Every structure is written in C-alpha cells, then in structure tokens.
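Numbering of the sequence shown is given in full-length UniProt numbering, commencing with residue 1 and proceeding in unit increments.
Since the hints were made in silico from the structure, they are not lab data. Model, not experiment: these values are computed from the prediction. Just so you know, even glycine gets a beta-carbon here, dropped at the ideal spot from N, CA and C.
Label-pair restraints from in silico Cβ distances:
hint : residue 1 : residue 2 : range
1    : Ala14     : Ser116    : 37 to 43 Å
2    : Ala9      : Ser237    : 44 to 50 Å
3    : Asp144    : Ala233    : 23 to 29 Å
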Amino acid sequence: MTTETAWHALRADALAAALPALPHWTFGSDLRMERISSGTTNVNWRMLSPDGIRFLKVPGLGADAFVDRQAAHEAAVVAATTGVGPAVLYFDAATGIEVSAFLDGYRSSGAGDLLSPEGMSEVMRLYRQLHGGELLSVTKTLFDMIDEHRAQIAATGRTLQPYQREVQERWQPIQERYVAAGLELVPGHNDPNPPNFMVKAGAPMMLIDFDYAANTDRYYELGAYLTILGIPADVRSALFARYAGAEPTEGQLARLYLSGVGTLVKWGHWALYNSVVRDIDFDYEKYGAGMLLGALTMLRSDECARAVAAL
Numbered sequence: 001m002t003t004e005t006a007w008h009a010l011r012a013d014a015l016a017a018a019l020p021a022l023p024h025w026t027f028g029s030d031l032r033m034e035r036i037s038s039g040t041t042n043v044n045w046r047m048l049s050p051d052g053i054r055f056l057k058v059p060g061l062g063a064d065a066f067v068d069r070q071a072a073h074e075a076a077v078v079a080a081t082t083g084v085g086p087a088v089l090y091f092d093a094a095t096g097i098e099v100s101a102f103l104d105g106y107r108s109s110g111a112g113d114l115l116s117p118e119g120m121s122e123v124m125r126l127y128r129q130l131h132g133g134e135l136l137s138v139t140k141t142l143f144d145m146i147d148e149h150r151a152q153i154a155a156t157g158r159t160l161q162p163y164q165r166e167v168q169e170r171w172q173p174i175q176e177r178y179v180a181a182g183l184e185l186v187p188g189h190n191d192p193n194p195p196n197f198m199v200k201a202g203a204p205m206m207l208i209d210f211d212y213a214a215n216t217d218r219y220y221e222l223g224a225y226l227t228i229l230g231i232p233a234d235v236r237s238a239l240f241a242r243y244a245g246a247e248p249t250e251g252q253l254a255r256l257y258l259s260g261v262g263t264l265v266k267w268g269h270w271a272l273y274n275s276v277v278r279d280i281d282f283d284y285e286k287y288g289a290g291m292l293l294g295a296l297t298m299l300r301s302d303e304c305a306r307a308v309a310a311l
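Model the full structure from these sequences, guided by the hints.
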C-alpha cells in the first residue's frame, strides 16, 4: 500500500492487512477491524489486537479540502495533555491515519447530555482546560473559516439563493467590526457537534475529533455551544462565569452572541460547499439551510444590533 491508496475505501479485512506496512507501525499484524458508523469527515474503526482495543481514524474522501491533518494531530496531542482528549498513540503524516486510546464505556452525547446541569458544567470545564493549553502552530479563526468556505463555494460556480446572499451581506460588516475590536487567541477544537462530546457515567466528559482544530478566538467555541443548544441568556451568563471565574461584561456577552451567529454562518457555508464536492449519505443541503436560516433570524434581530454596538 502507498500514500495513493484509497484508504477510506478499504473494507475491514483489506485495511487490517494494509496497516502493518505503514511506517513505524507498532500494533502488530494480528488485527481485526470493526467499522464505527458515526462521522461524516472520516472513516472510523474499532481496532482489535491481542493486547487491546484502540480507535483508528482514516481520512474520508474529499476531506483534505478543509482539514489540515498535521494541525488536527497536534491539537489531539494538546487535548490529551490537558486532560480533555484520549491519548494519541500513532500518527502517519503521509496518510493522515491516526490511532488513539479507545474510550471504553463512553458514548457520544446528545443534546440532553449537554443541556443537563452536570453536562453544561463539564463543557465549561473542557473548554477552560483546552483553552489553557499551549497555542497550536496553526491559527484559523471563525472568520478565516467563513472566508475560506465562501471562496470554496464561489470556486464551484454554485448560485446562492437570495436568503443565503442576505446572510453574507449582513454578516460581513459584523465580522469586520469584530476582528477590528481584537481577538483573544486560544487553542480551539472548533467543532461543536454534540457527538464530539463523549460521556460516561461517573467519568469526566471527553472531546474527540480535532479535524477542525486551530488557534481561534476564545468566544467562538463558547458562543457555538450556547447558540446551537439554544441556551437562554440568563444561563449563558452563569456558564461564562463558571468558565472564566468572573461575571461577564457587556462586551463579552456581545462576543458570545455574535460568535454564535458566526457559528451558524460558518457551518451553513461548510455544508453548502460539501453538498457540491462530497457524495456520502448525508443531507448537507438540508443541514446548511437550517444553519443559514437560523443565522438570518439572528442577524435581523434587535439583539444582534445591540451586540454589535457593544463590541
């Protein structure tokens, strides 16, 4: 097998036979692979060998258009070091294949897990610890990602619907004002999808899937979580106080709100692009529409205008 091998397309037996040929492979050749169905960016596997079970990630088809594999690996190591992610056991830079500790007994969280008092507290702990880690070698803020996705969509020749153009027109001056006001860079996970938060009774919550990780503005991850889960304003203030150790200022609350709007803009554009370039069993078009319509509702609101004024 070579770096040109279509690793994402290999079936379990073929993958088990090919892996031992990777450079510096340390897990032997007596392998059994079991596909894990979750994930839209990677092909995920449970890797069984005589000495235990591990998690193996193979980059998905077309994912390299928006995933920096080296940066993702670096972030996974930082997460493990700060105690919020599983230990990273192997990485092959040429293929992007990564092996990490298997989170035995854990399951992907749902909205209910993340909205419980314990879950909300754990999310704040995760972000506080991760954001306290060393900065990564790559910086890619929410605003960088939005600009990138807009350029990618334009390159496909796709025609945007009127409401999608309105989102862009309303968001652009807000983005410019936010950036001009200054950013607080921290190492970020950058993917608030609930299944990335792993839970287990009696154990700390853990983060997985660092494909979109990079240094980012502190408020992006917090605003994304608060907005996607629909957490009300009074609870937002209390959660931020738990994260920061102090009550939020008006400017900080504004950044949380606008980062939430930007989250919907970012992931909406991500989905529009993926609907053109990827062919998997996932309705990117529907996902993107939901995100962008939500963003438009927020962009048209009086609360958005007040947040912009408070920057």
